[in-house]
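Chemist: What follows is the residue order along each chain.
Protein chains: 2
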Amino acid sequence: MSFPLLFDFYELTMAYGYFRAGIHERTAVFDLFYRKGPFEHPYVLFVGLEGVLQGIENFGFGEDEIRYLQSVAPQIRDEQFWDLLRRFRFHGTIYAPEEGTVMFPREPMLRVEGKLFEVQLLETMLLTYVNHQSLIATAAHRMVEAAAGKPVIEMGARRAQGVDAAIDGARAAYIGGVSKTATTEAGRRFGIPITGTMAHSFVLAFHRDVRSPDQAKEAELQAFTAYAEAFPDQCLLVVDTTDVERSGLPNAITVFRKLREKGYEPIGVRIDSGDLAYLSRVCRKALDEAGFPDAQIIASSDLDEFVIRDLLAQGAPIDAFGVGTNLITARSDPALGGVYKLAAIEWEENGERHLSTPIKLSENPTKVTLPGRKNVVRLLKDGQFVGDLIMLEDEEDPKGPLRMIHPEYRWKQKVVTDYEAIRLLRPVYRDGRRLIDKITPDTARQTAAQSLAQLSPEHRRLHMPHEPHVDLSDALYERWMAEIHRRRMEKVQ
Amino acid sequence: MSFPLLFDFYELTMAYGYFRAGIHERTAVFDLFYRKGPFEHPYVLFVGLEGVLQGIENFGFGEDEIRYLQSVAPQIRDEQFWDLLRRFRFHGTIYAPEEGTVMFPREPMLRVEGKLFEVQLLETMLLTYVNHQSLIATAAHRMVEAAAGKPVIEMGARRAQGVDAAIDGARAAYIGGVSKTATTEAGRRFGIPITGTMAHSFVLAFHRDVRSPDQAKEAELQAFTAYAEAFPDQCLLVVDTTDVERSGLPNAITVFRKLREKGYEPIGVRIDSGDLAYLSRVCRKALDEAGFPDAQIIASSDLDEFVIRDLLAQGAPIDAFGVGTNLITARSDPALGGVYKLAAIEWEENGERHLSTPIKLSENPTKVTLPGRKNVVRLLKDGQFVGDLIMLEDEEDPKGPLRMIHPEYRWKQKVVTDYEAIRLLRPVYRDGRRLIDKITPDTARQTAAQSLAQLSPEHRRLHMPHEPHVDLSDALYERWMAEIHRRRMEKVQ
Chain A
396 MSFPLLFDFY ELTMAYGYFR AGIHERTAVF DLFYRKGPFE HPYVLFVGLE GVLQGIENFG
456 FGEDEIRYLQ SVAPQIRDEQ FWDLLRRFRF HGTIYAPEEG TVMFPREPML RVEGKLFEVQ
516 LLETMLLTYV NHQSLIATAA HRMVEAAAGK PVIEMGARRA QGVDAAIDGA RAAYIGGVSK
576 TATTEAGRRF GIPITGTMAH SFVLAFHRDV RSPDQAKEAE LQAFTAYAEA FPDQCLLVVD
636 TTDVERSGLP NAITVFRKLR EKGYEPIGVR IDSGDLAYLS RVCRKALDEA GFPDAQIIAS
696 SDLDEFVIRD LLAQGAPIDA FGVGTNLITA RSDPALGGVY KLAAIEWEEN GERHLSTPIK
756 LSENPTKVTL PGRKNVVRLL KDGQFVGDLI MLEDEEDPKG PLRMIHPEYR WKQKVVTDYE
816 AIRLLRPVYR DGRRLIDKIT PDTARQTAAQ SLAQLSPEHR RLHMPHEPHV DLSDALYERW
876 MAEIHRRRME KVQ
Chain B
396 MSFPLLFDFY ELTMAYGYFR AGIHERTAVF DLFYRKGPFE HPYVLFVGLE GVLQGIENFG
456 FGEDEIRYLQ SVAPQIRDEQ FWDLLRRFRF HGTIYAPEEG TVMFPREPML RVEGKLFEVQ
516 LLETMLLTYV NHQSLIATAA HRMVEAAAGK PVIEMGARRA QGVDAAIDGA RAAYIGGVSK
576 TATTEAGRRF GIPITGTMAH SFVLAFHRDV RSPDQAKEAE LQAFTAYAEA FPDQCLLVVD
636 TTDVERSGLP NAITVFRKLR EKGYEPIGVR IDSGDLAYLS RVCRKALDEA GFPDAQIIAS
696 SDLDEFVIRD LLAQGAPIDA FGVGTNLITA RSDPALGGVY KLAAIEWEEN GERHLSTPIK
756 LSENPTKVTL PGRKNVVRLL KDGQFVGDLI MLEDEEDPKG PLRMIHPEYR WKQKVVTDYE
816 AIRLLRPVYR DGRRLIDKIT PDTARQTAAQ SLAQLSPEHR RLHMPHEPHV DLSDALYERW
876 MAEIHRRRME KVQ
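Chains as they are written, first to last, in the numbering used here: chain A, 396 to 888; chain B, 396 to 888.
The hints are simulated quantities; they were obtained by calculation from the structure and are not laboratory data. None of the hints are false.
Cross-link-like lysine-lysine pairs, in silico, DSBU-like; alpha carbons within 35 Å at most: (1) B:Lys886 / A:Lys657; (2) B:Lys762 / A:Lys680; (3) A:Lys431 / A:Lys833; (4) B:Lys431 / B:Lys794; (5) B:Lys545 / A:Lys762; (6) B:Lys612 / A:Lys886; (7) B:Lys612 / A:Lys431; (8) B:Lys431 / A:Lys545; (9) A:Lys807 / A:Lys886; (10) A:Lys431 / B:Lys431; (11) B:Lys431 / B:Lys762; (12) A:Lys886 / B:Lys657; (13) B:Lys680 / A:Lys886; (14) A:Lys657 / A:Lys612; (15) B:Lys545 / A:Lys431; (16) B:Lys762 / A:Lys545; (17) B:Lys545 / A:Lys886; (18) A:Lys612 / B:Lys762; (19) A:Lys545 / B:Lys886; (20) B:Lys886 / A:Lys680.
Here chain A stands alone, though its shape is the one from the complex (with noise of 0.2 Å):
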């Protein structure tokens, strides 16, 4: 058997390290969060739980693994540290929300607890599935929010950062909420829904000695009744491969029916090129007047969530859009800038053990950690959002009436009564064992569709949104503020 290496080599010189202080098989705690929301998108949707629990039943070192490791760490001599590798499986506990959760800046996505070496060898295989699949899924949340209910359709593998990419971005990309994929491994791997009709090839394979555009426009009629032989319950031309006007949608309409004549309604057009507001309008009224108000029109062609939002304002008569590079690589903002931080730590004094709680401080603000064993209460009244609270995992939740303060702007504050409290973080994984049944993305799907709906429109607006209430209860505040004042050095200019 053999096991990828996914970790940057500092986790195992760490993990070394830890070895030789003899300091490796305490007790850690650590937090994977996000400081900044990708898109200036005030949440992100919490996606890549499956592929992490995955990941983990598949980490662990082989003999291969262990003599390349010696060969390019030949410093490392110890036999008993190759042995602990020999060894490895992760037996310690993580925490996590439900996969396809609505998660705010700084707060634990996963809480990750075992021995110092072990969690720290998990850290970049943790952030990998999570910046990742979490981005994107807030990448097609915010084009499905921009469609207003009309589909959304993934189909950017050929523009995905690889083949991975390519194929967990449309799992993500459909717990996010879109439609379907045209990525068919996703729809094997995941039973997904996929869908695919022609490309422009399509047509061009068509275009035997074309001399004049009226070959041209009697080779696309070819073509297009090629397809509706093959296909005649699912037709859905492209209709740009010369002009949408003189030859795409007048073949079509031709096509169409035909279709009729043998008893078969047609699927409709796509249009990937051109101005898409204009051409859907022209193609709308030929449809409808030669009797296919049915006929859907497919838009494609660079779209994101802006371009989609605008065209449906200005009345664009389409009825689905399909999304490529622009979702499945989050180009606008393509990195969410999850981190995995130290949060707790043991020691031994005298026989006892103790739990330290370190920060970073870090030369950057923003870095600054948060300490402890945390989770996350989410504050509902009347199944609507109010807010979050950051909280000792120690700490009981919030009763009665609940005075929310501003972690930085402590001037703002807030008081609400008669909430829900819903603590989020649960363990997943103990003792080398995932606490839960794998995760379907109909069911992650789910999960964000209902924790996006506790959400206000102010929220979820696509610019400028509404900054969600998301404070730190007393006692962390307490305890962060402690650990700052102990490690910040006076400095003095």
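Mind docking chain B on chain A? Use the hints.
Modeler: Same frame as chain A, now just chain B:
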């Protein structure tokens, strides 16, 4: 054996459409090319060929795949078609430049010839590999260019768009010129150099019951000491966990002195936050004064080519740059828009076979394709690039004085003489077998370096570079215009 279904579903529906029309086995020629460089860069490094060749060898359909496809395409009931897939093995020919070669917009980077349905089914896979890896190699090249001879280290796995993006991205970055990667699996799989030392968590793990800044400083010293004991000859310390000037740097110097007493010289320090120009100067001065002029300063923290260039322009004494997110996602322009377009298709008439050379007109002029079987000739004069000529494969190489004419601005012309003409595309796969040896990252890296060395600094400039001459041969230009006029329909408004 299981095969990933690395195609968009429409490639399957088109394949069936071709089959039903009886044209699926006609010879077709597709070009893979891009229209506009990423980052407004005038060229890309062509990378991904090794992935393509391995992908083709693994492209097929087992019974599991057929069953899945039958379940999603129940309309396809021809058992003959499914048998075609069961027997699928790509029997066509692929032409490509050497992996690593500089390629310009519109130039075919892959020319794929074979049976129409086979060539169509490869579309997405070819595009995904070439688009992603060429993009990352080009992004890396820009950062390496900005670093002006200082090493650049790739460390972006945690922000990569999935596991493949991390691993194949590290390979592409190495081909583009980075010196090392932090991604262990990329080192193992491709044999490229890896590196790694410590993160802030290593320091925080030693924060035992810290109650004052002095204790925090003491804890950091313990962490550094532990690391130096584990890796005495590889001691690179991250100095910004709490405070560079008051803690990290003095602690590092203390440890470096102890190392020297034991006969070891330190590698240096890493700064990962704050103002890197200021802090690097502070570090340099202190290290020099302490007698460590050879200790290096490594900088990281959201670097890209422009920050690197500006830091060096300000004289920041940084010896190496660690780049993460901005490289591994090509953040400022995260997709290369490569496309795959039909350039020729065989037809039979009265028992004779002809090759048609159709083009896609499209509603966007920039999306008009070039017809025919093409190659690219690179023109060098005294080893330096003077221009590229896209020409028909069956044309002779140019000889003697050559008038190069801009394909759009026809008045832009130049005559080149005494040049060497090098045909870039050569067959790399034929009849089910690759024709070239496995391409190592080092080979492709060398190809890239040689190809880049042919360009002038004006072409390699990061911002507003000089546009290279890439023209069409007269024969190709005439064919192109003829195919356009055969299809252009009169628009009257």
